[in-house]
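Could you build all of it, start to finish, from the sequences and the hints given here?
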Amino acid sequence: MANIYDLPNEILLILIYFLDISDILSLRQTCHLMHAAIQDKSVWTSLLKQQKYQIPFVASLREPHSPYVLGLDASVLQSEVLTARRTDRLWLANRRRPPIKLYPSGNVQLIGLNVFLDKWLLAVYGEGMHLWDLDLNLCSEFPGFRCASLALSKSGFASYTAALDDSNARILIVLKKHSSISPFVTLLYEIPLVSPHFHLVCNIGSNPLYSPRHIDPVHNVVLSSHACSVELLDWTKEDSPPVMITTRGENLEEMYTAIQDVHLFGPYMIVFKTRSIELHPLPSDLRRGLSALQHNLPILKHKFSKTFRSFVISEFTTNEPSDILTLDFLALDVIHGLFHYTIQVTISVPSLQVNLTGLNSLSNLIYRQSPIKPFVLQDAYADPRHTPLYVQESSVFESSPEAPPDVWATREDNAGGFISAYCMGPQAMRAVWMERSRGSMVREIVAARLQCPSEVQDLEEVMSIDARIVHDESSYDLREDFTHCALGEATGRIILGNRAGDLFLLSVDK
1 MANIYDLPNE ILLILIYFLD ISDILSLRQT CHLMHAAIQD KSVWTSLLKQ
51 QKYQIPFVAS LREPHSPYVL GLDASVLQSE VLTARRTDRL WLANRRRPPI
101 KLYPSGNVQL IGLNVFLDKW LLAVYGEGMH LWDLDLNLCS EFPGFRCASL
151 ALSKSGFASY TAALDDSNAR ILIVLKKHSS ISPFVTLLYE IPLVSPHFHL
201 VCNIGSNPLY SPRHIDPVHN VVLSSHACSV ELLDWTKEDS PPVMITTRGE
251 NLEEMYTAIQ DVHLFGPYMI VFKTRSIELH PLPSDLRRGL SALQHNLPIL
301 KHKFSKTFRS FVISEFTTNE PSDILTLDFL ALDVIHGLFH YTIQVTISVP
351 SLQVNLTGLN SLSNLIYRQS PIKPFVLQDA YADPRHTPLY VQESSVFESS
401 PEAPPDVWAT REDNAGGFIS AYCMGPQAMR AVWMERSRGS MVREIVAARL
451 QCPSEVQDLE EVMSIDARIV HDESSYDLRE DFTHCALGEA TGRIILGNRA
501 GDLFLLSVDK
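Every letter in the sequence shown is one number past the one before it in UniProt numbering, and letter 317, counting from 1, is 317.
It is possible that some hints are incorrect.
As the list claims (entries may be wrong) - Ranges between beta-carbon positions, derived for each pair:
hint: 1; residue 1: D165; residue 2: P208; range: 24 to 32 Å
hint: 2; residue 1: L70; residue 2: Q344; range: 52 to 60 Å
hint: 3; residue 1: A158; residue 2: D135; range: 27 to 35 Å
hint: 4; residue 1: S474; residue 2: V58; range: 29 to 37 Å
hint: 5; residue 1: Q344; residue 2: G106; range: 42 to 50 Å
hint: 6; residue 1: T317; residue 2: Y17; range: 24 to 32 Å
Claimed, not checked - DSS-like, lysine-lysine: derived pairs with alpha carbons at most 27 Å apart:
hint: 7; residue 1: K41; residue 2: K303
hint: 8; residue 1: K177; residue 2: K510
hint: 9; residue 1: K52; residue 2: K41
hint: 10; residue 1: K101; residue 2: K119
Simulated from the structure, these hints should not be mistaken for laboratory data.
Since the structure is predicted, the reported quantities are computational estimates derived from the model, not experimental observations.
Just so you know, even glycine gets a beta-carbon here, dropped at the ideal spot from N, CA and C.
Rendered as C-alpha cells:
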C-alpha cells in the first residue's frame, strides 16, 4: 500500500497547490512531513497569486512574481498572506475598541483625506497640510507619527487633488486658493517618501475659475474643471497654453449636468457628471499604446436616471487583451443612496459598458435595474469630433409601476437616512461610509465588501452591497459629525475626520 511518507516532496507540493488556504492551515498541523512541505515558499507564492483577486494586498505584494516578492523569505511571505486573510475575515466584524484620536494638528478647516500605500495619511486643511506615517507609533497616547507639516495662509485654500507617482516614491499635491480678498493661487507640492517633507515644485498658471480634479504624473498633467469644460495643463511647459476640452452637448438640459470629477483613463479622459459619464479621446501626444494610436477614437457616453453629487474612483486596470480597460467607482445620490458601478472600455471596438454591481439604498422607491441598451446616434449632420458614437441610456434601479408598492422597498427600515462621507479603496474591494438616520444623533460607521461584476448573478435584480455597521458614535455636538473619511484598503485602517478638524483611526481588531 502506498504511504504518503513515501511520496516525493514535489508530488506533495502539487497536491497542496489544489487546496484552499484553510485546508492548508489544517493540514500543516497533522504531521512534521506536511508542516515541512507547507513551509516551502512556492506554496505561499501560489496562495498570494490566488487571493490577490479576492483580498486586497499592499502594493508591494500585488505582483507575486515581482523581484520584491521573490526576494522575501518564506516565513515573511507566509506572515503577509495570513495577515491579509485575517484582516479580511474581521473586516465586517464589530470593532470592540473605539476610534483613537490622532495627535491634534491645531487646524480646523479640513478639506480632505487620502491614504497612500496603506501607510501614508495626507490631511489637507485650509490652514495647512500634514503627513502621517501610520506604521510608526512613537507615542503611546496617539497612533501614527506626523512626519511632515506645512503651514498655509489663514484663508482661501479650498480645493485640492493628490496622487502617487508611478514609482511610488513621492506624493504630488495640487492646491488651489479661491478667495475674493487675495490673489488666486494654484500650487504644486511634492512629498518625497524617502525623506518626507513638503517641497513647492511650481506655481501653476491655471484658470482661477477651475477646480483641480486629478493629477497624472506620467504625462505631467493637471486636470481641472469648471461647469462643462475641462482644462489639461502640463506643469513642465511654462509657456505652453492649456488644452481646453468642452463637454457641453447640443441639448440645453445638459447644461445642468455639471462636471463632478475627471480622470485619465487610458487614451481617454473620463468625465463624471451629475447625470452621465463621458469618455473624450485625449490629444494624440498624450495617448499611450499601439491600439490607442491606431484607432480614431469617438466620444462615448452613458446616461443615468439618478443625480449623483459626488464620486469616488478606483485605480483602473488593463485586462487581456490589453485594449480592455476596467474601472470601478462609487456614486452618491443623496436621496436614493450609494451606487457601485464597474466600467469596461474596449478601445479597438470602441465600446463602453457600465454595470451596476451593488447598491446601498436610502430610498424605499428603488426596485430593479432596467436593461442597458446602447444605441448609435443617427444625426448625419453632426460633427463626429463632438458627437458621441455610442450612447448608453439606462433607467437604473427605478421604481417599477407594474409592481405593487409593498415590493418597492429594498431597505424600508433604513429609508430617510443620509450619508455624510464615504470612500473606497484603490483596488475597489472595500468601502466605508458614515450613515445617520434623520432625527438620530447616532453616527454609524459602515464597512463594506464590494463585488466584481462576475459575482453578480442577475443584473435585473437589486444587489445590495455587503455591508455591516462596525461602530457607532452618539453625540449632540454637530462639530463631531464625520465629514471626511479615508481607507487603508489592505490593512483595514479607517481614518475619520470630523467637522472640528479632528482625525481618528479605527483599526480592525487583532
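Here is what the structure says about each hint:
At roughly 27 Å, the beta-carbon separation of D165 and P208 lies within the given 24 to 32 Å, and the hint holds. One distance hint, 52 to 60 Å for the beta-carbon pair L70 and Q344, is violated here, with the actual separation near 32 Å. With their beta carbons about 31 Å apart, A158 and D135 fall inside the hinted range of 27 to 35 Å. At roughly 34 Å, the beta carbons of S474 and V58 sit within the given window of 29 to 37 Å.
Restraint check, Q344 to G106: a C-beta distance of roughly 46 Å satisfies the suggested window 42 to 50 Å. Hint check: T317 to Y17, Cβ distance near 25 Å, so the stated range 24 to 32 Å holds. Proximity of K41 to K303 is assessed by CA-CA distance (about 49 Å); at most 27 Å being required, the pair is judged violated. With a C-alpha separation of about 42 Å, the suggested pair K177 and K510 falls outside the 27 Å cut-off, and the hint is violated.
At roughly 17 Å between alpha-carbon atoms, K52 and K41 fall within 27 Å of each other, so this suggested pair holds. Restraint check: the Cα-Cα separation between K101 and K119 comes to about 17 Å, which is no more than 27 Å; the hinted pair holds.
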